Structure formats: C-alpha cells, structure tokens
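This is what each chain is made of:
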Amino acid sequence: MELEVTTREVGDHTVIKLKGEVDIYTAPSLRETIVDTVEKGRYKIAVDLDEVVFLDSTGLGVLVGGLKRVKQHDGELGIICNQEKILRIFKITGLTKIFVMYDSVSELEP
Amino acid sequence: MDNPSRLLKVSRYVLEPSVSGLALVREFLKATLMPFPPAQPHVYDILSATHEACKNAIEHDPVARHPVDVACKVFEDVVVVKVSDRGNGFDPDILPPQPPDPEATTGWGLFLIYSLMDNVDIETGRDGTWVTMTKRL
Numbered sequence: 063m064e065l066e067v068t069t070r071e072v073g074d075h076t077v078i079k080l081k082g083e084v085d086i087y088t089a090p091s092l093r094e095t096i097v098d099t100v101e102k103g104r105y106k107i108a109v110d111l112d113e114v115v116f117l118d119s120t121g122l123g124v125l126v127g128g129l130k131r132v133k134q135h136d137g138e139l140g141i142i143c144n145q146e147k148i149l150r151i152f153k154i155t156g157l158t159k160i161f162v163m164y165d166s167v168s169e170l171e172p
Numbered sequence: 035m036d037n038p039s040r041l042l043k044v045s046r047y048v049l050e051p052s053v054s055g056l057a058l059v060r061e062f063l064k065a066t067l068m069p070f071p072p073a074q075p076h077v078y079d080i081l082s083a084t085h086e087a088c089k090n091a092i093e094h095d096p097v098a099r100h101p102v103d104v105a106c107k108v109f110e111d112v113v114v115v116k117v118s119d120r121g122n123g124f125d126p127d128i129l130p131p132q133p134p135d136p137e138a139t140t141g142w143g144l145f146l147i148y149s150l151m152d153n154v155d156i157e158t159g160r161d162g163t164w165v166t167m168t169k170r171l
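As given, the protein sequences belong to chains A and B, one line each in that order.
Counting in the numbering used here, the first sequence tops out at residue 172, every number present.
Counting in the numbering used here, the second sequence tops out at residue 171, every number present.
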C-alpha cells in the first residue's frame, strides 16, 4: 500500500491528510510536503492520521522533525487522530506531550 | 513444570533487504496471525515490532545486503517472532533502550520493540543479530 498525501487549508492551519502506510519507504513524501508547506510560509500545520493504517519509527521521526521546523518560526504541528492503535504509538513514546493532539479536523474550523 | 502451550502454526518469511519489502513482512504477519482469534487484538503490536526489527536489520547491513529471516510461531497463549540477520550488529550496551529524547528524530525503533512486546531477547555481534520477541495472548 502506498501513501496518499493531500493538503488543504482549514482555518489558520494547513492540514496534511495522509491515507495509507507511513514507513521508511513512504515517509519521504510526508517530509517533502512538510518542508514545502513551511517554505510557503505556513507555520501552523496539522497532520491528519485518521486514515493511516500503519506508522513506523521513521514516520514518527519525520513528524518530530516537522515540529522542530515549524517551532523555528513559532509555529505549531498538530496531530489529528482518533484511532487507538495509532494513538497508542504516540502515548508509548510520550510524544502526546510535545504535539498538540486533536480528535477531529473540525476542531480547527473557525 | 507447567504444561507447554500447544503450537498451532509455524511460518517463515525471507525478506529481501529492501525497505520497499517491509510492507510484505507486515502482510505475511497479518496472514499468519489473523486466523487465530486470540491473536487478532495483538496483530498491530506484533507487526509493528517485527517491522522495526527488520528495518534495523536492513539498516545494519548496508553493504552486503543479506536477506533477513522472519520466523513466527503461534502457540495457544503466546506468539513468538524471531528476526535474524547477518549484518554488522550493534553495540549491545544500548540495551534495553531508554526512552529517546522527545525531540529526537531517530532512535524510536528499538524503544517501540521493547514497549510493544512482552519480552524481547537480543543477541548481536559482528556476524549478525537475533531478535526474539514474545507477545502473550
């Protein structure tokens, strides 16, 4: 399964929606999208993981790298996820403490 | 001595050393485990830990690129997965892994393996690494 990456604007955030598997093979496309978004001057990003069926340590690293990138501009990188199996990875690693966690993209709507 | 749990299935997969092949290991584990209802709630943890072990194996053998062997045994009350490689190994003093710095962009793999499985045994040396992971059902 490949990874589909799409972006849209919701409120003052750029939402990067992922569909499929995020692993060492597919994560570079997520990294590129985050870098492109920041280069466009968009520093409030939310990554929607609700349709992600697998997330590995490389994917986690790309998300942490994205967070560090937006923080350089006083930005924010949020995670949208309501799937327990994916949320569990964030809880185990303690990363729920460094990302802003959202249950739904509707929380970003003005 | 406790009665040994009954062995229900043994499966083996040989992974060609390419990160694009890791998805096939995950599919192999799903196909092996899903027919057993007690294993079903644990499939994600087992395939995630196995993926990380295989990913490490590929990363530790960048030159010779030997195949990675994945063996899965399903018992009545436990699943045991063994990932074996013939790579260069790594420093065993890092075991068991401590939680990485929250802002680290690498180093999460071993920590995930130990967190997702109930028991992990790793032997590593210059002629390879053997990771045995156990999940209670």
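It should be emphasised that the hints constitute simulated quantities derived from the structure, not laboratory data.
These numbers come from a predicted model, not from an experiment.
Errors might be hidden in some of the hints.
As the list claims (entries may be wrong) - Calculated from the model, a selection of chain B residues having no Cβ within reach of chain A, i.e. all distances over 10 Å:
hint : residue
1    : Val53
2    : Ala57
3    : Ser82
4    : Lys89
5    : His94
6    : Val114
7    : Lys116
8    : Leu129
9    : Pro136
10   : Gly143
11   : Arg160
12   : Thr166
To be verified - Partial list, computed: chain B residues near chain A (C-beta under 10 Å):
hint : residue
13   : Tyr78
14   : His85
15   : Val97
16   : His100
17   : Pro101
18   : Phe109
19   : Glu110
20   : Pro130
21   : Thr140
22   : Leu144
23   : Phe145
24   : Lys169
25   : Leu171
To be verified - Below, a list of computed lysine-lysine pairs in the DSSO-like style, where the Cα atoms sit at most 30 Å apart:
hint : chain 1 : residue 1 : chain 2 : residue 2
26   : B       : Lys107    : A       : Lys147
27   : A       : Lys153    : B       : Lys107
28   : A       : Lys147    : B       : Lys64
29   : A       : Lys147    : A       : Lys79
30   : A       : Lys106    : A       : Lys159
31   : A       : Lys159    : B       : Lys43
32   : B       : Lys169    : A       : Lys81
33   : B       : Lys107    : B       : Lys43
34   : A       : Lys79     : B       : Lys43
35   : B       : Lys169    : A       : Lys106
36   : A       : Lys79     : A       : Lys102
Glycine is no exception: its CB is placed at the ideal position from the N, C-alpha and C atoms.
Checked hints:
1. Val53: violated (5 Å)
2. Ala57: Given that some Cβ of chain A is not farther than 10 Å from that of Ala57(B), nearest at about 6 Å, it is violated.
3. Ser82: violated (7 Å)
4. Lys89: violated (6 Å)
5. His94: holds (14 Å)
6. Val114: holds (21 Å)
7. Lys116: For Lys116(B), whose nearest Cβ neighbour in chain A is about 20 Å away, the distance exceeds 10 Å, so it holds.
8. Leu129: holds (16 Å)
9. Pro136: violated (5 Å)
10. Gly143: violated (4 Å)
11. Arg160: holds (24 Å)
12. Thr166: holds (20 Å)
13. Tyr78: holds (5 Å)
14. His85: OK, holds: His85(B) within 10 Å of chain A, min 6 Å.
15. Val97: violated (18 Å)
16. His100: The hint is violated - His100(B) has no Cβ within 10 Å of chain A, the shortest such distance being about 18 Å.
17. Pro101: violated (17 Å)
18. Phe109: violated (23 Å)
19. Glu110: violated (24 Å)
20. Pro130: Constraint on Pro130(B) not satisfied, violated at 14 Å.
21. Thr140: holds (5 Å)
22. Leu144: Where the cut-off is 10 Å and the nearest Cβ of chain A is about 9 Å from Leu144(B), the hint holds.
23. Phe145: holds (7 Å)
24. Lys169: With a minimum Cβ separation of about 14 Å from chain A (threshold 10 Å), the hint on Lys169(B) is violated.
25. Leu171: Check failed: Cβ of Leu171(B) comes no nearer than 17 Å to chain A, outside 10 Å.
26. Lys107(B) / Lys147(A): holds (23 Å)
27. Lys153(A) / Lys107(B): At roughly 28 Å apart (the allowed maximum being 30 Å), Lys107(B) and Lys153(A) satisfy the hint.
28. Lys147(A) / Lys64(B): holds (15 Å)
29. Lys147(A) / Lys79(A): Status holds; Cα separation ~18 Å.
30. Lys106(A) / Lys159(A): Status holds; Cα separation ~17 Å.
31. Lys159(A) / Lys43(B): violated (40 Å)
32. Lys169(B) / Lys81(A): Satisfied, since the Cα-Cα distance of roughly 28 Å is no more than 30 Å.
33. Lys107(B) / Lys43(B): holds (6 Å)
34. Lys79(A) / Lys43(B): With Cα atoms ~38 Å apart, Lys79(A) and Lys43(B) exceed 30 Å; violated.
35. Lys169(B) / Lys106(A): violated (39 Å)
36. Lys79(A) / Lys102(A): At roughly 17 Å apart (the allowed maximum being 30 Å), Lys102(A) and Lys79(A) satisfy the hint.
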